[in-house]
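Using the sequences and the hints, build the whole thing.
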Amino acid sequence: MLSRTADNLYWLARYVERAEYLARILDTTLRLTALPLAYVGESNEWESAVATAGCASAFFAAHDEANEETVTEFLAFSTSNPSSIRNCFENARLNARAVRTALTIEMWDSINSAWLELKKWGNGPSSREEFARFLRWVMGSSLNFDGSAYRTMLRNDAYWFSRLGVYMERADNTARILDVKYHLLLPAEEHVGGPLDYFQWTSILRSVSALTAYHWVYRENVKPWLVADLLMLRDEMPRSLANCYENLVQNLDRIAKSYGRQGPAQRQARTIRARLENSKIEGIFQSGLHEFIDGFIEDNNQLGSAVAQQYLL
Amino acid sequence: MRDSGGAVRPAYVELSQWLSQIPPDVLDFRRREAELLFRRIGITFAVYGDPEATERLIPFDVIPRILAAREWDIVRRGLEQRIKAINAYIKDVYNRREILKAGVVPEDLVFQNPVFRPEMNGQKVPHDIYVHIAGIDIVRVDAETFYVLEDNARTPSGVSYMLENREIMLRLFPELFSRYRIAPVENYPDELLATLKSIAPPAAPSDPNVVLLTPGVFNSAYYEHSFLADKLGIELVEGRDLVVKDDVVSMRTTEGLKRVDVIYRRIDDDFLDPLVFRPDSALGVPGLMSVYQAGNVTLANAVGTGIADDKAVYSYMPAIVKFYLGEEPILKNVPTWRCREEEHLAYVLDHIEELVVKEVHGSGGYGMLIGPKEDKTTIAAFRAKLKSDPKNFIAQPTLALSTCPTCVEEGIAPRHVDLRPFVLAGRDRIRIVPGGLTRVALKRGSLVVNSSQGGGTKDTWVLDG
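Residue numbers (numbering that gives the first Met the number 0), protein chains in the order written: chain A, 0 to 312; chain B, 0 to 464.
Mimicking SDA-like on lysine to any residue, the simulated pairs with C-alpha atoms at most 20 Å apart in a straight line are:
id, chain 1, residue 1, chain 2, residue 2
1, B, Lys230, A, Met0
2, B, Lys321, B, Thr144
3, B, Lys230, A, Ile104
4, B, Lys331, B, Asp72
In short, the hints are calculated from the structure, not lab data.
As structure tokens, this is what we get:
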């Protein structure tokens with residue numbers, strides 16, 4: 000297939016995944032800020048939302064203060080923020096239009112309908128209630144697209160490249176939450192298990208839709224190192240780094256098999272997966288959680304360029 | 000729909016009955032359903048110079064336009080004749096120039112024409128075919144007479160509407176189809192692919208690699224490009240997907256470079272190759288012309304075919320048909336005054352209120368004057384433009400175009416229509432799918448059917464036998 004087609008499919012999937020992730024961050028932040036100060040402390044959750052979305056510097060170039068109004072606008076509806084939910088849908092559809100021929104009717108219909116419906120939401124919600132509805136709609140649209148891809152695409156390179164986009168983006172998003180919130184997960188001397196941390200930990204779980212999963216996996220109260228374990232190392236958790244890499248390796252292998260040629264992307268993905276497989280959460284805490292996450296984000300970016308070099312350019 | 004005596008023509012009898020039986024709200028409901036379908040499928044086009052509407056729907060009218068088998072037969076024979084003459088003429092212009100030597104077409108009209116491509120002088124093209132895909136606009140003026148309005152011999156568009164309109168009609172009005180036997184159009188993609196494969200360079204493999212070259216998603220006809228690539232099962236490429244090395248053009252794929260044999264290009268000559276034509280073009284492929292000149296790729300249509308469909312050349316088409324084929328043209332030309340000729344100019348200036356005056360190189364209904372519709376100031380301004388550069392204009396009478404019943408705000412009313420059938424010229428034969436794109440002027444009395452100027456489309460039925 001054309002390199003550009005593979006590139007469009009890859010980014011189409013990434014943008015849809017990113018829109019959903021942004022909706023989750025905003026949803027979680029709304030919940031946290033609805034709590035009395037005594038439960039969440041003095042921290043500015045809106046600022047943290049911007050950091051988790053990975054666009055702090057762009058945000059503060061445009062705004063002085065991070066509050067509900069500015070952050071909601073910037074992350075969801077802004078036309079100037081290239082990664083706002085609106086622009087994610089715009090870009091996703093642009094990529095989809097460019098590869099109409101590689102999409103199934105169902106995929107096109109789901110992304111095109113989402114794009115058409117986006118206009119109905121205008122430039123922002125008139126109330127919190129409406130905003131919450133908007134966020135649910137975003138998550139629903141992403142599920143709809145993902146489901147249509149899963150159910151209707153031929154299992155060939157087009158499908159595998161689109162899956163690569165999903166898992167690259169997902170790994171990046173999970174790593175970014177960990178990067179911003181890692182300090183909350185460190186074994187601290189003070190107020191362990193206090194209400195403040197409890198809500199922060201559950202909010203991390205919520206932003207990757209893993210709160211219920213946590214209870215099923217550990218059957219325990221929420222504990223910070225287990226949250227880290229779940230998000231990083233547990234294969235069965237669909238947004239964990241381990242699961243993303245399991246899938247990245249699989250899809251890269253399918254591509255390599257069908258083309259009859261392995262390359263740097265396959266080797267790098269396998270190396271990263273092996274590192275995740277061979278790690279224990281205790282060891283990671285001992286040698287430094289932050290360093291581990293930093294290293295991962297860099298590896299993940301490198302894999303992204305390796306995939307681009309090998310297939311997309 | 001009606002003949003000169005006002006009676007419903009036989010082909011329309013069933014339709015007319017059906018229309019009188021169907022309750023208006025049902026028709027209205029289906030009409031809205033059709034619009035919804037079009038929007039969801041994403042069949043849109045862009046209007047240049049209108050930032051508010053980068054993606055618009057072309058209004059679709061649910062009442063079909065019908066041609067009897069006998070009428071279609073005239074059209075089909077006329078189109079075959081026309082495409083043969085066009086191909087012979089272009090070959091001649093770029094090689095022996097006999098028609099110019101014979102004085103049938105004036106030399107300056109060819110050599111000083113911006114659409115003339117000196118790069119094509121003496122250039123051999125595979126199988127001597129220049130125009131492989133033409134969209135020839137015709138109108139019907141009476142029962143047996145069809146006029147050609149324009150020979151679109153460069154990159155004609157609209158065929159996706161022909162196909163989608165039929166799909167939507169089949170979905171919305173199955174009962175109407177049971178009353179008629181209608182020739183299918185759905186084999187057009189197969190015919191197009193067969194044509195494109197047949198014109199591959201002689202040295203290409205037996206299953207040549209055919210691609211469709213688009214300017215990209217921002218082009219007004221992008222939907223059509225992706226639609227056709229999909230139906231043909233060929234890659235939809237942009238300039239940046241193609242690379243030229245050692246006089247061979249290849250596309251970048253996830254498995255490395257893959258050689259390309261035939262390019263169905265939907266990019267104008269000007270933008271094809273920045274090394275030869277416009278250097279600021281980011282849409283084309285640097286070096287493509289050298290591959291073409293080396294005979295290693297076929298471009299469909301060939302470079303320089305504008306010399307056949309230019310409005311100034313149009314008026315010579317009857318003479319061109321006679322010159323190469325020795326036959327009377329089956330499809331007539333609209334009587335045309337060439338403002339470059341003094342007598343004609345004088346006539347046009349005297350009768351400007353009755354005439355349609357067009358720019359020779361214009362298209363899409365831009366830059367034209369419809370005399371009977373305009374006020375005095377506009378006409379005066381146009382008259383000045385015409386006098387300062389008469390060579391740039393031609394004029395034609397407003398025609399008594401045929402009309403077809405159409406759903407408009409006040410109900411069902413007659414509106415003017417034209418027809419763009421698509422003609423495919425391959426190495427083996429000429430293929431024409433029965434029908435084409437019917438465009439309809441939605442405003443009462445209007446003759447302008449262009450989608451950029453508020454025209455709509457209809458399904459076109461050619462009755463079988």
